[in-house]
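Enquirer: Top to bottom, those sequences are chains A and B. The first sequence begins at 1 in full-length UniProt numbering and counts up one residue at a time. The second sequence begins at 1 in full-length UniProt numbering and counts up one residue at a time.
For the record, the hints were derived by calculation from the structure and aren't laboratory data. Treat the hints with caution; some may be incorrect.
[Stated by the list, open to error] Keeping only pairs whose Cα atoms sit at most 30 Å apart, straight-line, the calculated DSS-like set for lysine-lysine is:
#  : chain 1 : residue 1 : chain 2 : residue 2
1  : A       : K33       : B       : K86
2  : B       : K51       : A       : K62
3  : A       : K62       : A       : K77
4  : A       : K76       : B       : K41
5  : B       : K41       : A       : K77
6  : A       : K91       : A       : K76
7  : A       : K98       : A       : K62
8  : B       : K140      : B       : K49
9  : B       : K140      : A       : K62
10 : B       : K140      : A       : K91
Just so we're clear, the structure is a prediction, and the values are computed from it rather than from any experiment.
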Amino acid sequence: MSSEEGPVATSIRSTLTEVLKPEAIEVINDSAKHAHHSAMRGVTSKETHFRVNVISDAFQGKSTMQRHRMIYAALKKEFDDGLHALSLNTKTPEEIGKLKAAAAAEDA
Amino acid sequence: MNFLRATTRLAASPSNFLLTRRTALPATSFAVRHLSDSTRKSIEDVLSKNKLVVFMKGYPRQPMCGFSRAVMQIMEVQGVDLDTLKTFNILEDEELRSGMKEFSSWPTFPQVYIGGEFVGGCDIMVNMHQSGELEDLLVKEGIVEPEPQENPRASS
Chain A
1 MSSEEGPVAT
11 SIRSTLTEVL
21 KPEAIEVIND
31 SAKHAHHSAM
41 RGVTSKETHF
51 RVNVISDAFQ
61 GKSTMQRHRM
71 IYAALKKEFD
81 DGLHALSLNT
91 KTPEEIGKLK
101 AAAAAEDA
Chain B
1 MNFLRATTRL
11 AASPSNFLLT
21 RRTALPATSF
31 AVRHLSDSTR
41 KSIEDVLSKN
51 KLVVFMKGYP
61 RQPMCGFSRA
71 VMQIMEVQGV
81 DLDTLKTFNI
91 LEDEELRSGM
101 KEFSSWPTFP
111 QVYIGGEFVG
121 GCDIMVNMHQ
131 SGELEDLLVK
141 EGIVEPEPQE
151 NPRASS
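This is chain A alone, in the form it adopts within the complex:
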């Protein structure tokens, strides 16, 4: 495990930071978990599968599908260059606040 981020991860982070002005963004490389599956045969890139968690006001009033589409549209170049799959978690700061409040209420 290296803390070095690859060029694709960096590119995902910088593109989404620019487009979504996120309050928080996390880009996690999951490629190793998928390296063996058949669609990846012959692919040497170590950066094909990512988990991306984004908290941004840009998602306000948008459905999950619309949020995912925003991200897919922004990352068109990365997909064209061999990015294969993203697991997305897209929330607004307000929704995170509600989730935290709900979790706190459950703990009480």
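Fit chain B to the given chain A structure using the hints.
Expert: Same frame as chain A, but now just chain B:
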């Protein structure tokens, strides 16, 4: 009866954005243009004849990717019969694979269509499964039976 299905519904989860379908698609294309008119026609034909269609990697009982596997597991819990479920293995058909990316304006698989509409990929299926929206949609489209009412018999 279907305990799993009922319990996967998270309590108190807001489902007020029920069925926000794709609205006015932006004219994005994830590929140059792979979709021939004949492929488009046959996709539309399949979608009009099947209320639930999944474009995936592998087969329902032999998925070839974790995301496709997760969607199949959700469908099974929802009570969908995997043996009659209409699916396409996009790994076997490059034209369909690139065509569906353009057709759905969505770059990844699996892609789930319910009632002729693109509903989403794996993440959205998981969310809708947990919120109960997926069950509501499947019942509404007549794909699965509604759950029987709680405690229908007062005494036995």
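Enquirer: Now look at each hint and say whether the structure bears it out.
Expert: Each hint, compared with the structure:
no., hint, verdict
1, A:K33 x B:K86, "28 Å, holds"
2, B:K51 x A:K62, "26 Å, holds"
3, A:K62 x A:K77, "23 Å, holds"
4, A:K76 x B:K41, "26 Å, holds"
5, B:K41 x A:K77, "28 Å, holds"
6, A:K91 x A:K76, "21 Å, holds"
7, A:K98 x A:K62, "17 Å, holds"
8, B:K140 x B:K49, "16 Å, holds"
9, B:K140 x A:K62, "23 Å, holds"
10, B:K140 x A:K91, "28 Å, holds"
Consistency note: the structure conflicts with none of the earlier hints.
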